[in-house]
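Chains as they are written, first to last, in the numbering used here: chain A, 1 to 113; chain B, 1001 to 1117.
The set of hints was computed from the structure by calculation and includes no laboratory data.
Note that beta-carbon positions come from the ideal geometry of N, C-alpha and C, so glycine has one too.
There could be a bad hint or two in this list.
One-sided excerpt, in silico: chain B residues whose CB lies under 10 Å from chain A [claimed, not checked]:
1. 1037
2. 1091
3. 1096
4. 1105
Here are the simulated lysine to any residue pairs, SDA-like style, with alpha carbons at most 25 Å apart [said to hold, decoys possible]:
5. A:19 x A:98
6. B:1112 x B:1067
7. A:40 x B:1047
8. A:40 x A:97
9. A:18 x A:69
10. B:1104 x A:31
11. A:38 x B:1010
12. B:1104 x A:7
13. B:1104 x A:29
14. A:38 x A:60
15. A:40 x B:1076
Read off the chains here:
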Amino acid sequence: DTEVTQTPKHLVMGMTNKKSLKCEQHMGHRAMYWYKQKAKKPPELMFVYSYEKLSINESVPSRFSPECPNSSLLNLHLHALQPEDSALYLCASSPDREGTEAFFGQGTRLTVV
Amino acid sequence: AQKITQTQPGMFVQEKEAVTLDCTYDTSDQSYGLFWYKQPSSGEMIFLIYQGSYDEQNATEGRYSLNFQKARKSANLVISASQLGDSAMYFCAMRPGAVYNFNKFYFGSGTKLNVKP
């Protein structure tokens, strides 16, 4: 199983809503990632978890709150987002060592209204 | 600092022909990995091919090959016998080897490939 599963695939939320994005993998990978991607741009790294601990936060606003409940799951909690936060949010996982590829999910297309 | 440069925003290729997508990189790390990903309009990033900095042979995976020229710091992707389904955005990426940094994947700006029938 080389799959990273993200839910939901599409999400529309208001600026006062609270929602969560979910990501799951069963490849035994101990590094998990959240990326944000705007149209026609490369993915931008947001957070990295290594062995369920937050290891990288790329100065992401606090309205995005990541959580890694266990080695297979990664969540991104969203609160008080702005319209400019509308984007494709990609989850990825990889072994926690150099020289290995990251596997990506299909992403969640988020629209903030 | 790590940087990936893709200088071709868009490319066209005739079906069944070969195409080369350019990628150059900049790093001071001795050990690193280079990757190519394909992103169709559906959004998923699909891993295509990997080249390690110490690998002497160019990587190949089916119709994909990576033309690795370490001295020039280039890692071009060659797609042979293009198919209509190859139309997508292609990203070159690098994973540094340093232990404090190896969980950061650096992406180029991408190349949009269109395969014409």
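Original post:
Taking 25 Å as the top limit, are the C-alpha atoms of residue 40 (chain A) and residue 1076 (chain B) close enough?
Top reply: holds, 20 Å
Subject >> Proposed proximity, residue 69 (chain A) with residue 18 (chain A) (alpha carbon, max 25 Å) >> reply: holds, 19 Å
Original post:
Taking the least C-beta to C-beta distance, is residue 1096 (chain B) closer than 10 Å to chain A?
Top reply: Interface hint status for residue 1096 (chain B): holds (7 Å vs cutoff 10 Å).
Subject >> Satisfaction of hint between residue 31 (chain A) and residue 1104 (chain B), Cα-Cα up to 25 Å >> reply: Given pair residue 1104 (chain B), residue 31 (chain A) holds - Cα atoms ~10 Å apart, limit 25 Å.
Subject >> Satisfaction of hint between residue 7 (chain A) and residue 1104 (chain B), Cα-Cα up to 25 Å >> reply: Within the cut-off at roughly 24 Å; holds.
**OP:** Return the status of the interface hint for residue 1105 (chain B): holds when the least beta-carbon distance to chain A is below 10 Å, violated otherwise.
**Re:** This interface hint holds because 6 Å falls under the 10 Å limit.
Subject >> residue 1104 (chain B) paired with residue 29 (chain A) [C-alpha distance capped at 25 Å] >> reply: holds, 15 Å
Subject >> Interface hint compliance - residue 1037 (chain B) to chain A, C-beta minimum distance less than 10 Å >> reply: holds, 8 Å
Original post:
Within 25 Å, alpha carbon to alpha carbon, are residue 1112 (chain B) and residue 1067 (chain B)?
Top reply: Satisfied, since the Cα-Cα distance of roughly 19 Å is no more than 25 Å.
Original post:
Is residue 40 (chain A) close enough to residue 97 (chain A), meaning Cα to Cα at most 25 Å?
Top reply: violated, 29 Å
Original post:
Between residue 38 (chain A) and residue 60 (chain A), does the CA-CA distance stay at or below 25 Å?
Top reply: The given pair, whose Cα atoms are some 15 Å apart, holds under the 25 Å limit.
**OP:** Please work out if residue 40 (chain A) and residue 1047 (chain B) have their alpha carbons no farther apart than 25 Å.
**Re:** holds, 18 Å
Figure legend: structure checked against the earlier numbered hints; hints not met, in rising order: 5 and 8.
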